[in-house]
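Trainee: Next come the chains, spelled out residue by residue.
There are 2 protein chains.
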Amino acid sequence: MSEKLNIALVAPLVTPIGPPFLGGAQVLLHDLALGLAGRSHNVTLFAANGSRLADKNGQTPPNLRIEEVTVKSGELAPADFQSMGENFDAGAFFRQGELFLQSFLKINAAGSFDIAHAHAFDWPAYALGPLSQTPVVHTIHLPSVDPHINAILATTYRETGRSRAVTVSEACARTYAEDFPFDRVIYNGIDTAEIPFGPGGEGFLLFAGRMAPEKGPDLAIEIARQSGRKLLLAGGIYDQRFFDEKIKPVVNADPNLDYLGPLDRKALHELMGRAEGVLFPSRWEEPFGLVLAESLAAGTPVVSWQRGAAPEIVTDGQTGFLVPFMDIAAAAEAAGKLGQLDRQECRRQVETRFGLEKMLDDYIDYYREVIA
Amino acid sequence: MSEKLNIALVAPLVTPIGPPFLGGAQVLLHDLALGLAGRSHNVTLFAANGSRLADKNGQTPPNLRIEEVTVKSGELAPADFQSMGENFDAGAFFRQGELFLQSFLKINAAGSFDIAHAHAFDWPAYALGPLSQTPVVHTIHLPSVDPHINAILATTYRETGRSRAVTVSEACARTYAEDFPFDRVIYNGIDTAEIPFGPGGEGFLLFAGRMAPEKGPDLAIEIARQSGRKLLLAGGIYDQRFFDEKIKPVVNADPNLDYLGPLDRKALHELMGRAEGVLFPSRWEEPFGLVLAESLAAGTPVVSWQRGAAPEIVTDGQTGFLVPFMDIAAAAEAAGKLGQLDRQECRRQVETRFGLEKMLDDYIDYYREVIA
Chain A
1 MSEKLNIALV APLVTPIGPP FLGGAQVLLH DLALGLAGRS HNVTLFAANG SRLADKNGQT
61 PPNLRIEEVT VKSGELAPAD FQSMGENFDA GAFFRQGELF LQSFLKINAA GSFDIAHAHA
121 FDWPAYALGP LSQTPVVHTI HLPSVDPHIN AILATTYRET GRSRAVTVSE ACARTYAEDF
181 PFDRVIYNGI DTAEIPFGPG GEGFLLFAGR MAPEKGPDLA IEIARQSGRK LLLAGGIYDQ
241 RFFDEKIKPV VNADPNLDYL GPLDRKALHE LMGRAEGVLF PSRWEEPFGL VLAESLAAGT
301 PVVSWQRGAA PEIVTDGQTG FLVPFMDIAA AAEAAGKLGQ LDRQECRRQV ETRFGLEKML
361 DDYIDYYREV IA
Chain B
1 MSEKLNIALV APLVTPIGPP FLGGAQVLLH DLALGLAGRS HNVTLFAANG SRLADKNGQT
61 PPNLRIEEVT VKSGELAPAD FQSMGENFDA GAFFRQGELF LQSFLKINAA GSFDIAHAHA
121 FDWPAYALGP LSQTPVVHTI HLPSVDPHIN AILATTYRET GRSRAVTVSE ACARTYAEDF
181 PFDRVIYNGI DTAEIPFGPG GEGFLLFAGR MAPEKGPDLA IEIARQSGRK LLLAGGIYDQ
241 RFFDEKIKPV VNADPNLDYL GPLDRKALHE LMGRAEGVLF PSRWEEPFGL VLAESLAAGT
301 PVVSWQRGAA PEIVTDGQTG FLVPFMDIAA AAEAAGKLGQ LDRQECRRQV ETRFGLEKML
361 DDYIDYYREV IA
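If you read the sequences in order, they're chains A and B.
Position 97 of the first sequence, counting from 1, maps to 97 under our numbering, and the rest follow consecutively.
Position 234 of the second sequence, counting from 1, maps to 234 under our numbering, and the rest follow consecutively.
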């Protein structure tokens, strides 16, 4: 194996990879592909037709190639991890199986890849990987929600001594612990050079996330009110009825609340840097929580629950406060103390533990271990 | 590759392999395993726990090993090829996926198998095979009934230039022709040494098969009546209501009809040898039709439809008569002429074209071609 690896990245196929991103897995894949190419590895991304990866100059590096997988419109549906099993879509399932088999056969036939790294939360991708001659590893971006996925990874672990999968936090790994251990936890890395350090000091709090119940913008409003602070809310409307009933009337009636709509990442990061603190009162167990890391990178401490991956990202009392799940009063009290925390320390911790370069180091180290 | 091959046979997992057999695939697998071992190849059969393979002396040859796959009672259901898609059983589907992955990983980890030959009509088996380092080939024992199976085999053919599958007749192959070509057609072979040549001459006709509408015992009765011949019916009752309504009262009322119940193969073959002819009026397109070959081996010509694999097994006017589908009058007329045919020629054609040794030759030749 030469110093430079030939890496196949295999994307989820439900949408093309490129902005606007569907979720964290797509963002990670974008940053990983460009980061690996930036380190002179050869990267081929197997992804749905229409995928576009561009660096800061709007260019696709010459050593980053996209192998388009032709997906017809509406043929595949996003993993619906709240109704898995009940609304099983056989057409989409089998079609994904065909497309993943096609990609893995192309990777094997090429004979030139050192490793394939897949990111799809789909049973066929996990079932097909272990038999591939080119080693296949997976990043799992969602907590345990599908017993069939757990069972096929458990089979892989039992027969090979490896799950051939990593996940994005210890908290996410624990949700699978009854079935199998992950090979490693590798935290998502963020490109801190892209996020300016901000001075804070403008006294307002910020909620950044989808307008949907699971992200808890209504809880953020309650926390801000009890702490007597102004709150800005940024994020797209994913659940219109929830927004119309729980957010819009409350925001309209209170001059201390302001809804800004969806912001591009540059504007969001700049706003984060001006906030006194970011509230992250998610109702579900976040497997990572990109907003937490981005906020800290901007120098802004956070308030979140003692739940999901938050305790791995936030150092309680240093870079934010973690309070018991759904304890609004405790969150409000903590929000009042955010101004006392050291913003430079927030930035420093993210750079050390969640920097993009660290993630690239970790993945390359893992690739070499699997290939060895 | 040495002269002696190390062969992994992978069975359907819905039942153990051993008498009484569920269907033709299980019979074929039994004869193939013992036949290959008889030629001194090393055979390992991956099959459900409880599988037992014994030769004519009731012994399992030392070079035939069974690797039991633990299947819990009721966990898997037989392929229901009449309602595929409508009654999708997710639990059984994913469980089969895990068990096939387990078997293929064991085969790969062993590092000693030259080839794996699978017989399961299950999507996961077809999806997993092409990525295996140990080459995997399939025998498909059923006509085209599942578009997802066709699609995954088509993907394999498109990416590798091979379907890595054979089937048991040209007729069965034609049902898949729109999607992919088979690597080969290999006819089922029967052990003619086990079937005594019979003199015929007792003037009666015989129907052998399950008492179920698709096999057409009611049509056999109609044909026999119109030809004015006595008819014996042998076979288990698979559809009790059909038997009670369409067969039992008719047989009870007609002294020229007799239902013998299920017979063991030895008794059946002896009875075939005494019959003037065997009627095979199947309502579905038989992918092979074991009864046709067995009857000819016993020296007894047949009447069947110009349909399914029958024209490949029966030489019209020499070893039987093929008449248009559902033309009862033509079948009855043909039945009257069966006594004119040469019983030695029936035996000779089966020995030449459908003997067990020929099938073993064909499979070993195919294995060597795939391995090469």
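It should be emphasised that the hints constitute simulated quantities derived from the structure, not laboratory data.
Treat the hints loosely; a few may be bogus.
Any copy, or any two copies together, can satisfy a pair, since identical chains are not distinguished.
As the list claims (entries may be wrong) - EDC-like, lysine to aspartate or glutamate: derived pairs with alpha carbons at most 20 Å apart:
#1 K106 <-> E159
#2 K358 <-> D342
#3 K72 <-> D179
#4 K337 <-> E285
#5 K246 <-> D258
#6 K358 <-> E75
#7 K248 <-> E159
#8 K337 <-> E369
#9 K106 <-> E170
#10 K72 <-> D239
#11 K106 <-> E345
#12 K337 <-> D191
All figures in this text were calculated on a predicted structure; none of them were measured in a lab.
Trainee: Against which earlier hints does the structure fall short, listed by number upward?
Mentor: 2, 4, 6, 7, 8, 9, 10, 11 and 12
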